[in-house]
Amino acid sequence: MKFARLVLVNLLRNKRRTILTVLSVAVALFLFATLRSVVTALDAAGEVGSEARLITRSATGITFALPQSYYERLRAQEGVRSVSWANWFGGVYVDERNFFAQFAVDAETYLAMYPEMRMPEDQRQAFLAERTAALVGRGLMERFGWSLGQDVTLQGTIFTGDWTFTIRAVYTPDDPSFGDQLFFFHYDYLYERTNRRIIPGWYVIQLADPAAAPEVSDRIDRMFENSSNPTETETERAFNTGFMTMWGNIGFLVRAVGTAVFFAILFVAANTMMMAARERVGENAILKTLGFQDGLLFALTLVEATVITLLGGLLGVFGAKVLFRPGNPMNSFIPGFQVEWSTVALGVTIALLLGFVSGFVPAWQAKRLSVVQALRRVA
Amino acid sequence: MALVEIRDLTKVYYRDSQQIPVFEGVNLEIEQRDFLALMGPSGSGKSTLLNLLAGLDKPTAGSITVGGAQVTGMSRRQLAAWRARHIGFVFQFYNLLPVLTAYQNVELPLLLTSLSRKERREHVTTVLDVVGLTDRADHFPRQLSGGQEQRVGIARAIVSDPTILLADEPTGDLDAKSADEILTLLQRLNEEFSKTILLVTHDAHAAERAHAVMHMDKGVLSR
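Sequence lines, in order, name chains A and B. Residues in the first sequence are numbered consecutively from 0, following numbering that gives the first Met the number 0. Residues in the second sequence are numbered consecutively from 0, following numbering that gives the first Met the number 0.
The following block holds chain A by itself, in its conformation from the complex (with noise of 0.2 angstroms):
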């Protein structure tokens, strides 16, 4: 601790630099957790969805509906438990940026499907009962400060006019990739504003037994093969894996912008710290010949390069871990994305190591000074 003064005034010695270059490191460690951050959400959002639950959708594509009459045709086939069906609405909330996943939901047999969606049960029958209701979750309610029973009004895109809901009940989900930034709504409701000329976009199917689906998935699409409508028909988790895949390889571009930044970091890192040993050869040269050993100097730089790095990497972490809490505006795109402790452990750590190697050539050099060399320059 005696030399912690030293490591101190010489990291004060040009406060400019050592702020401009704690800052670099912050920017890209926050850019590296928020990064990180995506794919972990990403990946958890792929992997949510059950294994007992099939989606089928057009063939054709995700945007095209299909007929209400498959409803009774699912229904009717061997290993399906039960079926419901749900619409994308689009709408927008007081502006563009508000953006939030809207679902018209055949309420009653959505809801029995999904008890990952917990609410009291008074809220769940209230929102039954009523066909205006609207079911929001927790993180979407504290995101635009609303209570349970005010009205919310929706400006439609897909389907125009103003559409107006109460707030009947709200959902706290079991696994935060589910998402808590939902809204559901009666499809009833849509299909009586739109004078009925709407139909299913995908259908929910619950089997009876998860082992048969890759069975009654193939039967199903064969069933409408030569329809006018065919279909495609997957499970749950496959379908959102395959949802979030249209993202592109966020992985291999995290990656690539990650190491990217990495190493232009670390030359900043690594040329302010060779600027800083350049600049005290000589006072290195002078310690030494009061006797100071050259594994102590080594490590006197190797700390003073990492404190740079640790403080910048903590701010750039932990201001992540900030911005990006449970319920943060980006969970309305990616369903529970949050900086995971695991980040900011692995933040830490790049930032640990980025202070090693930055501070290895200057140590280096501190350490095999020729005193008499130095002393030349100086004395």
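It should be emphasised that the hints constitute simulated quantities derived from the structure, not laboratory data. Keep in mind that this is a model prediction, so the values were computed, not measured. Careful: at least some of the hints might be erroneous.
Below, computed lysine-lysine pairings styled on DSS-like, alpha-carbon distance capped at 25 angstroms [unchecked claim]:
id	chain 1	residue 1	chain 2	residue 2
1	B	117	A	1
2	A	14	A	1
3	A	366	B	117
4	B	57	B	217
5	A	366	A	1
Could you slot chain B onto chain A? The hints should help.
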């Protein structure tokens, strides 16, 4: 037995394949409590001899013994530890660390000891009092005059109570009055505190303060 014994000391520098001899077969003895001045023109090898004596450089041949310890046989690590305990070095340009106060500069050699913070404070306060800078303890080098900076440099050199004080042109960057004060201080350290001093200087007036004067010219040491 003399405090310092230099036997057949030879130093040759090598530049590529070219040999540059500095001196050859130098012999010298310095007694305890001696105050010896070493004079000579630039490039005569005075500073090289001082560096070898401080264990900052390795001789090509010969031996140096200080207080019974064979300096020439020590490793880099052993030399650093030995220097911290036995050598006090005073530089021409003071060489204080600009980011540390006078107190902190003087405390530096004590950081290498096992002394407690309180003990270090007592030592630093004592030597700052000896050099007459108690009231300047919290000043940074840029806030001190050249003479004051050199007194801090001397305080730093003596704070760990070294076996020998090596002063390399300590008055070379000072005006006459400050130089005189520094020489008086060195003389006092020798007389009152029994410090053994080797003073390298160009200045004959400075050398007069020493008990004896040695001359080095073209690698040859003479009285």
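Do the hints match the structure? See the list:
About 12 angstroms separates the Cα atoms of residue 117(B) and residue 1(A), which keeps this hinted pair within 25 angstroms; it holds. The hinted pair formed by residue 14(A) and residue 1(A) meets the criterion: a straight-line CA distance of about 22 angstroms does not exceed 25 angstroms. Of the pairs offered as hints, the one joining residue 366(A) and residue 117(B) is violated, with about 30 angstroms between alpha carbons and a cut-off of 25 angstroms exceeded. Distance restraint check for residue 57(B) and residue 217(B): the Cα-Cα separation of roughly 20 angstroms lies within the 25 angstroms cut-off, and the hinted pair is therefore satisfied.
The hinted pair formed by residue 366(A) and residue 1(A) meets the criterion: a straight-line CA distance of about 20 angstroms does not exceed 25 angstroms.
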